[in-house]
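Sequences and hints are given; from them, build the entire structure.
Here UniProt numbering is used: position 39 in the sequence shown is 39, and no number is missing along the way.
Don't take each hint at face value.
As the list claims (entries may be wrong) - List time: in silico DSBU-like cross-link candidates among lysine-lysine, alpha-carbon distance up to 30 Å:
#: 1; residue 1: Lys-2; residue 2: Lys-118
#: 2; residue 1: Lys-216; residue 2: Lys-138
#: 3; residue 1: Lys-93; residue 2: Lys-118
#: 4; residue 1: Lys-93; residue 2: Lys-40
#: 5; residue 1: Lys-246; residue 2: Lys-52
#: 6; residue 1: Lys-216; residue 2: Lys-256
#: 7; residue 1: Lys-40; residue 2: Lys-50
#: 8; residue 1: Lys-138; residue 2: Lys-246
#: 9; residue 1: Lys-168; residue 2: Lys-138
#: 10; residue 1: Lys-52; residue 2: Lys-118
#: 11; residue 1: Lys-93; residue 2: Lys-106
#: 12; residue 1: Lys-256; residue 2: Lys-106
#: 13; residue 1: Lys-106; residue 2: Lys-267
#: 14; residue 1: Lys-2; residue 2: Lys-106
#: 15; residue 1: Lys-267; residue 2: Lys-216
For the record, the hints were derived by calculation from the structure and aren't laboratory data.
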Amino acid sequence: MKFAVIGHPIGHSLSPIMHLNNFEALERDDEYIALDIDPKHMQHIRDIIKEKELDGFNITIPHKETIIPYLDEISTNAEHIGAVNTVHIDGDKWTGYNTDGIGFVKGLLDNYGSIAGKNILVLGAGGASKGIVAEMMKYTERKISVANRSLERFENWNLDINQYQLDKIKPILNEFDIIINTTPVGMNESSDELIIPIEEIHANALVCDIIYIPDKTPLLRACESRGLTIYNGLDMFIYQGAESFKIWTSETADIKAMKNKVIEELKRR
1 MKFAVIGHPI GHSLSPIMHL NNFEALERDD EYIALDIDPK HMQHIRDIIK
51 EKELDGFNIT IPHKETIIPY LDEISTNAEH IGAVNTVHID GDKWTGYNTD
101 GIGFVKGLLD NYGSIAGKNI LVLGAGGASK GIVAEMMKYT ERKISVANRS
151 LERFENWNLD INQYQLDKIK PILNEFDIII NTTPVGMNES SDELIIPIEE
201 IHANALVCDI IYIPDKTPLL RACESRGLTI YNGLDMFIYQ GAESFKIWTS
251 ETADIKAMKN KVIEELKRR
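Next up, the structure:
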């Protein structure tokens with residue numbers, strides 16, 4: 001079988017390394033390539049994929065939303081989120097899925113146990129946030145809080161959440177047991193910008209960031225220096241990939257092999 005990840009740019013992607021190591025661990029003779037698809041060429045995406053003879057592919061920035069019009073079907077989860085990161089191909093039929101939220105929550109539960117009864121705050125209201133919130137709602141009956149710079153971003157949300165404007169969250173920050181940053185703030189290693197005032201966070205809180213390059217964003221570094229428990233997005237990347245593999249093949253991925261290879265590659269960079 002043959003798979004790929006599409007994006008623009010795509011040279012930085014660790015998906016090929018991760019998936020190829022999984023194939024090797026499972027003794028599968030599969031292929032996985034990276035395809036740089038300029039947004040102006042998305043109108044030809046079905047021809048491009050057909051030419052490559054793919055059985056499925058992953059989608060990363062900036063195509064997670066623009067891929068949708070080219071799909072024949074979309075999972076309820078992906079439709080709810082409004083973004084797709086995995087496509088399964090069966091003949092000429094393309095079905096879209098979103099495994100990002102599943103990936104983050106599986107990693108969180110595996111590493112930190114039950115989230116039932118936890119007071120949770122998610123920073124940002126984009127597609128990643130929506131996917132994570134929707135998945136977390138399966139594991140807790142408590143209403144999850146989401147903070148965003150503008151409340152207008154919640155207009156297409158139909159989840160039962162507490163909505164907050166980000167600049168008004170300071171007085172209640174210490175009420176949360178888990179705080180998850182889903183915004184791009186922190187991707188730029190040269191910036192020390194913090195999305196929230198960390199001095200207001202409860203001393204026993206878990207602070208998460210879905211970014212994993214760098215492995216510690218300014219938010220995580222600052223929280224760690226205060227003695228807080230931190231968690232980055234590496235497991236989210238691994239588990240979403242494992243979930244994609246299951247969608248394509250109905251088989252269970254070798255999580256350990258995937259994670260070890262990604263960590264090894266990150267150390268080289």
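Going down the list of hints, with the structure as the test:
no. : hint              : verdict
1   : Lys-2 - Lys-118   : violated, 41 Å
2   : Lys-216 - Lys-138 : holds, 28 Å
3   : Lys-93 - Lys-118  : violated, 41 Å
4   : Lys-93 - Lys-40   : holds, 23 Å
5   : Lys-246 - Lys-52  : holds, 21 Å
6   : Lys-216 - Lys-256 : holds, 21 Å
7   : Lys-40 - Lys-50   : holds, 18 Å
8   : Lys-138 - Lys-246 : holds, 20 Å
9   : Lys-168 - Lys-138 : holds, 28 Å
10  : Lys-52 - Lys-118  : violated, 46 Å
11  : Lys-93 - Lys-106  : holds, 29 Å
12  : Lys-256 - Lys-106 : holds, 14 Å
13  : Lys-106 - Lys-267 : holds, 24 Å
14  : Lys-2 - Lys-106   : holds, 26 Å
15  : Lys-267 - Lys-216 : holds, 13 Å
Comparing the model with each earlier hint shows violations of hints 1, 3 and 10; every other hint is respected.
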